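A.B. asks: What follows is each chain in one-letter form.
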Amino acid sequence: MSSTTNAKGETLLAVDGVSLAFGGVKAITDVSFDIRKGEIRAIIGPNGAGKTSMLNVINGFYHPQQGRITYKGQTRSRMRPYQAASQGIARTFQNVALFRGMSTLDNIMVGRTLRMHRGLFWQMLRFGPAMREEIDHRRHVEDIIDFLQIEAIRKTPVGKLPYGLQKRVELGRALAMEPELLLLDEPMAGMNMEEKEDMCRYILDLNRHFGTTIALIEHDIGVVMDLSDRVVVLEYGHKIADGTPEEVKADPKVIDAYLGVGH
Amino acid sequence: MFYRETGQFKQSYAADSAVFPILQDRYGLAIIMAIAFVLIPMFGSEFLLASVMIPFLILSLGAIGLNILVGYTGLLSLGTAGFMGVGAYATYKLSTLFPQVNILVWILCSGFFSAGIGVLFGLPSLRIKGFYLAVATLAAQFFLQWCFVRVAWLYNYNPSGAIEVSGRTLFGIAITGPMATPVNRYYVVLGVVVVMTLIASNIVHGRIGRTWMAVRDMDIAAQLMGIRLLPAKLLAFAVSSFYCGVAGALMVFLWLSAAEPSAFDIKLSFLLLFMVIIGGLGSLIGSFMGAALIHILPIVIRALPESLGLPVAAATVEHLTYLIVGGLIIFFLIVEPHGLARLWQITKQKLRVWPFPY
Amino acid sequence: MLYNIFIDPFVQMVQMPDLLVQTLWEGLVSGVLYALIALGFVLIFKASGVFNFAQGIMVVFSALTLVGFYAKFSSWGFSGHAAAFLALLLAAGVMLVLAMLVERVVLRPLVNQPDIILFMATFGITYVLIGFGEIVFGGDPKQMIANELFLPSGSVDIEMLGGLVSLQKIDIAAAVIASLMIVGLALFFQKTRIGRALRAVADSHKAALSVGISLNQIWVIVWFAAGLVALVTGIMWGARSDVSFALEIVALKALPVLVLGGFTSVPGAIVGGLIIGIGEKLGEFYWGPLLGGGIESWLAYVIALVFLLYRPQGLFGDKIIERI
Amino acid sequence: MSEPATADTVSRQPDPAPPILSVNNIEVIYDHVILVLKGVSLTVPKGGIVAILGANGAGKTTTLKAISNLLHSERGEVTKGSIEFDGERIDKLSPNELVRRGCIQVMEGRHCFGHLSIEENLLTGAFTRRDGRAAVRDDLEMIYNYFPRLKQRRNSMAGYTSGGEQQMCAIGRAMMSRPKMILLDEPSMGLAPQVVDEIFEIVKDLNTKQGVSFLVAEQNTNMALKYATYGYILETGRIVMDGVADALRDNEDVKEFYLGIGGEGRKSFRDVKSYKRRKRWLS
Amino acid sequence: ANAEDSIYVPLFTYRTGAFAGSGAPIADGMHDYLTMLNERDGGIGGVKLVIEECETGYDTKKGLECYEAVKPKKPVMVNPWSTGITLPLIQKAGVDKIPVLSMAYGLSASAKGDVFPWIFNPPATYWDGFTQILNYIADQEGGGVDKLKGKKIGYIYLDASFGREPLPLIEQLSKELGFEAKLYPVAAADMQNQSSQWLSVRRDRPDYMILFGWGALNSTAVKEAVKTNFPMEKFISVWWPGEDDVRGAGDGAKGFKTLNWHAAGTDFALIQDIQKYVVDAGKSQVSDKAKVGQVLYNRGVYNSMLIAEAIRTAQEVTGNKVVTGEDVRRGLENLNIDEARLKEIGLEGFTQPLKLSCNDHNGHQSNFVQSWNGTAFEKVTDYIAPMSDKVIPLLDEDAKSYAEKNAPWPERTEACDAS
Ligand SMILES: Nc1ncnc2c1ncn2[C@@H]1O[C@H](COP(=O)(O)OP(=O)(O)OP(=O)(O)O)[C@@H](O)[C@H]1O
Ligand SMILES: Nc1ncnc2c1ncn2[C@@H]1O[C@H](COP(=O)(O)OP(=O)(O)OP(=O)(O)O)[C@@H](O)[C@H]1O
Ligand SMILES: CC(C)C[C@H](N)C(=O)O
Ligand SMILES: [Mg+2]
Ligand SMILES: [Mg+2]
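Residue numbers (the working numbering), protein chains in the order written: chain S, 1 to 263; chain E, 1001 to 1358; chain Y, 2001 to 2324; chain F, 3001 to 3283; chain P, 4001 to 4419.
I should point out that these hints are in silico values taken from the structure, not numbers from a laboratory. Keep in mind it's a predicted model, so treat the numbers as computed, not measured. Be careful, since some hints might not be right.
[Said to hold, decoys possible] Chain E regions said to be covered by chain P (calculated; three or more residues, Cβ under 8 Å): (1) 1041-1050; (2) 1161-1168; (3) 1175-1187; (4) 1256-1262; (5) 1307-1316.
[Unchecked claim] So the derived list for chain F, only partly shown, Cβ under 10 Å to chain S, looks like this: (6) Arg3110; (7) Arg3153; (8) Gln3194.
[To be verified] Below, simulated DMTMM-like cross-link-like pairs (lysine to aspartate or glutamate); rule was C-alpha separation at most 25 Å, straight line: (9) E:Lys1129 <-> Y:Asp2008; (10) E:Lys1350 <-> F:Glu3027; (11) E:Lys1350 <-> F:Glu3074; (12) F:Lys3151 <-> F:Glu3120; (13) P:Lys4152 <-> Y:Asp2008; (14) F:Lys3080 <-> F:Glu3235; (15) S:Lys253 <-> F:Glu3198; (16) P:Lys4152 <-> P:Asp4389; (17) P:Lys4234 <-> P:Asp4207; (18) S:Lys160 <-> F:Glu3027; (19) P:Lys4182 <-> Y:Asp2018; (20) Y:Lys2169 <-> P:Asp4251; (21) F:Lys3046 <-> F:Glu3074; (22) P:Lys4283 <-> P:Asp4267.
Glycine residues also receive a C-beta, built at the ideal position from the N, C-alpha and C atoms.
Take these sequences, add in the hints, and give me the full structure.
C.D. replies: Quick look at the structure:
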């Protein structure tokens, strides 16, 4: 399946006229766009444009004052983060938000929480059903660890890992949720070229092989242009452009507000 | 050199996720169990059993309970002694209302009462965090203690306002009351503590434990992983209070054998919290180590001058004990802020690479 | 029953207005005294994020030092006001030494550790101070040298509202001194460069270090300030009862005040103190008997809890930042 | 603060200039057991801009922290070697003394004071200064000139500002101490491309106009080598290559692994092959 | 030193913690008397006493630890000096065969020797004390308990087992005698912060106030009473305040009253001996020699006199020189300190004679009231008897209910020495 056909998929998520303000600060003003099933959708814009806030709105951490969000055909203006998670929205964070006291393995296992069901009683015994469930999910997690090539740090507490690896573990944790929509907030910040390449590969593989829809915030324009099917550009909370990478790249407003002339 | 995991390969995920994956650790555990179950009761003096080991085990159990809340879920609580009191008074009421049922059953059941109360006082934890929550749980501490004083029904209208423990048996052997020998009481306490520690270990190493730790480390991210904070926190409160409740019941029934409300005062809450911190937040072994440091160490220091034949006045010994224990706490913190359990871990790690420094 | 809860207390208030005034006054005074203790906590919390468990024992320790010095002087035949103030000065000096020791021995090696670890360390300090204090001063209670320090005694009795309201002079003095201290400290920390640095340190040790704020200096300053506050608290509480190790427990009274006012706010300490002080006296006085009395012991916490549910960071506390 | 005029000429020829910073063969251990730096040496000439490059976890941050003495607070310590700044040993100094002497670090991951406003954050940077309020005010204005976005948000609590804004704030805060030397840890991380350009321009500006020396740890190799005069490449705790920036840029290995330019020019990220693994210089 | 030829007497004391102010003088008094016996007489009956203090800090858990620590050394009796510590020991005493001497504290019902063969609480129970105060009040009002009718009596107390001990009695008596009781509990944590209680006192305007306090509670209560302008003559305490507790309140405290059963001061041959052999010889821990002879110091002396006399009696009864706990229990039951014996001891006029028996482990002695005159306590009344007709039946009942609640409570098997 090629990504161009993906882009023609049905709409998975639509953001409609969303506005969000914190006291006097308007983080997002009347922004609408959509994400289609199976595409890689980039969100770019200068610092403070409201990109992260947009993701926070999508997965229910912020509640917009205005506007609606339609996800998988359901329209809503308000939902709780765990609901978003249970409907298949996973994400990574701009400032790494791993569970610092836990090992890589445990972090990723947390991603399986929603899919594990054995209650307190079996957990207390551990042997029997709880153990079997644990091992099933462990297997799945090991696949992810394999995929991301982080076998060596399986048992290391994540707090001590270098930044780049932390980002990778975070991706792993999101993958463990087997999401339909994956929100990535600057997954490649602070990485060198090689690591970026690795990351790109993971993203593409995900998209291609598992059909995961991806919303991507990234400041590396090279990455954005190469990976994404469509790009939405925000500035000061407003949407200033939306289209294919080529269109956006040529848009003078975007050059002016974001890219600068050098790119 | 001797502490190496070399050559021990894990064939299955089950083996790999065992609590003690390294062989030497399992030997160590077996030795400790042997000492606890055989050596100490055989050769220990009554003092060792009644004043060192029983309190130590009970406090450890309380510390485990608190550790589940503070160490694993990151909810600071200063109401521990109150919850312990609930367990004790519940056991007292139940065992006087239904004397025919075995006391041990009631001791374990009492945990449910404190779990209930714990959940109730855990409700604010959704909004209140950190030290603020600690102080909010003080409301529980003081309110509960006040109830123990004021609600005469709780202590069967005894004029002294204290609860007294009568002699009860298990399989015909006295386990509470004046006839229960320290050895008997020790075995009961040890049994309860070992089983409950095992259960706690199972819980914290499984899904629920991970949920708690996720809430502790980054509650926002945990939410976005699909964890619902309130149920997770309340479950932690419930389990934690259950443990504390049982510890409280054990404390009155197998250690003190009569207790005034002041047995559950704020000092105990603080002490347990300190045991948890110095032992190691989020470590079950740490709970034992912390209890040892804070309960056993002073006893040892107090006993020192006498066993060395130094004529030091009792009060001076007490002063010095304070001084030394305080100093040692600071010392240990500086050596390893993350507690004795971590210190132990690092020592093991050094052992592993020994004789090379790193 | 309902009558007893909702009507009777108010009827009492109206019928005996003098008692109401007296109750309010007592509440005010305790509030001020609680605020004083809370202030000690706030100072240290603000500057290091440390919840200082040792504040209570510092109150006892400083007061004992003061009384101890004075006793030494008078055993040399040197007593009176001059001796008392010299003792005061020396006691302040001891608090400075204590601040420096704490910084050097405890805080410096523990820089950048989680709050709870530092909290634990202050517990160690508490034990050391208890042990040391009892060795040096012995456990028996001492009398506060209130007269020698020109603190007034006796009472001002005011006839009003058909009754007698009696205000203790020492309480008036306590209220005045406490207010002065609080205003002074608030200004000092708000208007000076140190104030900003202080808040920065509380926010993040690591970052503060990186911009060149001297943690050591800041810590000595705040611990010294907290020591002085402890000394004043010790004098005031000591004058009301005795100076003994029993005084340590009054520190617990500051906790609800802290929560209510916010751990980081100097004005919060005083407002919180007043709300708690007055609330708890009114509650105990008018509603306590319904429940068998002694509700004071938890009422303060419940009041604090109720406020917290509205504002999780206390009335004046810094907003808790939740972002990702 | 001194000799701003001559700096420009010096910075172009690093070798003969007297070093402002020299790190000699240091070893760093965390937690008494984890050896992270295994003998790292580097020098920064007065008025130079030097870059440290290297993969994740190579030890760049650790190196910078060793210099600024912030390691101590993370239970790390320098067990071997020495560090000199301005001709004096600094390994035993407190970070605050070091800032006073003119060496300040901008930490990776921003570390703004969340509860302080942007402006207060900037002012804390001036903590060690003794040259009066007016001078501080002037510098504040200068920083607002460099980062107009900060001026807009001057009264917001730093904790609520966006990642990029915080990064600017952290850099501005360091500049407020009027340092002779700034240790920059990943300044470009999370910044919009335009701002990255700006920041490096500012670096250059400070360097030429005020003679501030820089040691920059950076992942954005392209940028770093464009502005730096000299570079070191760090791999798992060792320096594996160093050289004048231009030379490094022409090195085939650097090109391939750090700049993403293979033999035949820039490739698309889409075409990256998964079997490609970096060769390691050493280890 | 636990040799065959010595008697081990542990003393539970508290010279640290919140109650050290009251605990230290008592500890000194106890310790000094026994030391003096060793120094002067070489022990009791020629057997040396091994005296050892164990610090409890008035903390129940530590007290139990002390108990376990001394138990292997075969103590002849323990003195817990805390009602809280006494309660658990009541159960253990019989099993471990160690008599507990809880002198005028502890469980009032333990006066019943037939139910509590191992517990002794002479010379009076808290219930006796309370009724003595009532009798005193009745006297002040003109004599006869019917004078109590309609009176309002406030009771301010430490809200722990000690202060709560009289509550059932108060409930009963207030009904029977027709006075109105107002309760002012003070939590241990609020000992030094009693303004609410005293505000209520202002509102309720009780005719008399009765105080059951300990440690800093006493001194704070007196100060607050002065502040509240409560008439001091009408403020009467059970026997626990000492001079130091009152002095701090200044002149306002003049007229404050407490119960007592022994004299203060040093004008007794025995106390002179203590000064000579112990204090002046530097073998005492008193911080200040002036404290010798104060109320609480002498209370400690009295306690040790009971210990010593019990041992001596045990030696007489059993014929053993080195006595055991069992022996001393019998010694206590046969204790008979009459005037002649008091004179021998060197405490003539110090206190009333005391005689215990198999059934009566208390004596239910009379007490006098002493009043503070600004520098010392002065005896102001004769010995006042308790309302035994009311107290004894209640005690019986309470002892019975204790045994029921703690079923199976062992029947007394210890034989009574006919005397
Ligand atoms: N506090 C610490 N305790 C233990 N190990 C640590 C600590 N900090 C860093 N490390 C380890 O030291 C190594 C070097 O880390 P460092 O942060 O210096 O790398 P870096 O080159 O800055 O990487 P990045 O590009 O990801 O920032 C890593 O392997 C890391 O795991
Ligand atoms: N919880 C909040 N409270 C107050 N202001 C906020 C909050 N969250 C975001 N903002 C403000 O909203 C604006 C948008 O922030 P956001 O984090 O979405 O930017 P961004 O586009 O992700 O920027 P960057 O690329 O720098 O990460 C910023 O100005 C920020 O200060
Ligand atoms: C033992 C006494 C001296 C102390 C207190 N009155 C109590 O009974 O606990
Ligand atoms: Mg962002
Ligand atoms: Mg780094």
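A.B. asks: Each hint: holds or not?
C.D. replies: To see whether the hints hold, each was checked on the structure:
1. Using a Cβ-Cβ cut-off of 8 Å, 4 residues of the region 1041-1050 of chain E lie near chain P, which meets the minimum of three, so the contact claim holds.
2. For the region 1161-1168 of chain E, the proposed coverage by chain P is satisfied: 6 residues have a C-beta within less than 8 Å of a C-beta in that chain, meeting the threshold of three.
3. For the region 1175-1187 of chain E, the stated coverage by chain P is satisfied: 3 residues place a CB nearer than 8 Å to a CB of that chain, which reaches the threshold of 3.
4. Here the region 1256-1262 of chain E counts 7 residues with a CB under 8 Å from a CB of chain P, which clears the bar of 3, and the coverage holds.
5. Here's how the region 1307-1316 of chain E fares: 3 of its residues keep a CB closer than 8 Å to some CB of chain P, so the rule of at least three is met and the hint holds.
6. Interface restraint check: Arg3110 (chain F) against chain S, minimum CB-CB distance 8 Å, threshold 10 Å, status holds.
7. The interface hint given for Arg3153 (chain F) holds, since its Cβ lies 8 Å from the closest Cβ of chain S, which is under the 10 Å cut-off.
8. A least Cβ separation of about 4 Å between Gln3194 (chain F) and chain S falls short of the 10 Å threshold, and the interface hint therefore holds.
9. As the CA atoms of Lys1129 (chain E) and Asp2008 (chain Y) are separated by approximately 38 Å, the hinted pair breaks the 25 Å bound.
10. Restraint check: the Cα-Cα separation between Lys1350 (chain E) and Glu3027 (chain F) comes to about 18 Å, which is no more than 25 Å; the hinted pair holds.
11. With a C-alpha separation of about 19 Å, the suggested pairing of Lys1350 (chain E) with Glu3074 (chain F) holds against the 25 Å cut-off.
12. Restraint check for Lys3151 (chain F) and Glu3120 (chain F): satisfied, since their Cα atoms lie roughly 12 Å apart, inside the 25 Å limit.
13. With a C-alpha separation of about 21 Å, the suggested pair Lys4152 (chain P) and Asp2008 (chain Y) falls inside the 25 Å cut-off, and the hint holds.
14. Of the pairs offered as hints, the one joining Lys3080 (chain F) and Glu3235 (chain F) holds, with about 19 Å between alpha carbons and a cut-off of 25 Å not exceeded.
15. Taken as a hint, the Lys253 (chain S) and Glu3198 (chain F) pair is honoured in the structure, with Cα atoms around 19 Å apart against an allowance of 25 Å.
16. Distance restraint check for Lys4152 (chain P) and Asp4389 (chain P): the Cα-Cα separation of roughly 23 Å lies within the 25 Å cut-off, and the hinted pair is therefore satisfied.
17. Note on Lys4234 (chain P) and Asp4207 (chain P): the hinted pairing holds, with a Cα-Cα distance of about 7 Å set against a maximum of 25 Å.
18. In summary, the hint linking Lys160 (chain S) to Glu3027 (chain F) is supported, as the alpha carbons are separated by about 18 Å, within the 25 Å threshold.
19. Only pairs whose Cα atoms come within 25 Å are accepted, and Lys4182 (chain P) paired with Asp2018 (chain Y) is accepted, the gap being roughly 21 Å.
20. As the CA atoms of Lys2169 (chain Y) and Asp4251 (chain P) are separated by approximately 16 Å, the hinted pair is consistent with the 25 Å bound.
21. Restraint check for Lys3046 (chain F) and Glu3074 (chain F): not satisfied, since their Cα atoms lie roughly 29 Å apart, outside the 25 Å limit.
22. The hinted pair formed by Lys4283 (chain P) and Asp4267 (chain P) meets the criterion: a straight-line CA distance of about 20 Å does not exceed 25 Å.
In the structure shown, a violation is registered for the earlier hints numbered 9, 21, in ascending order.
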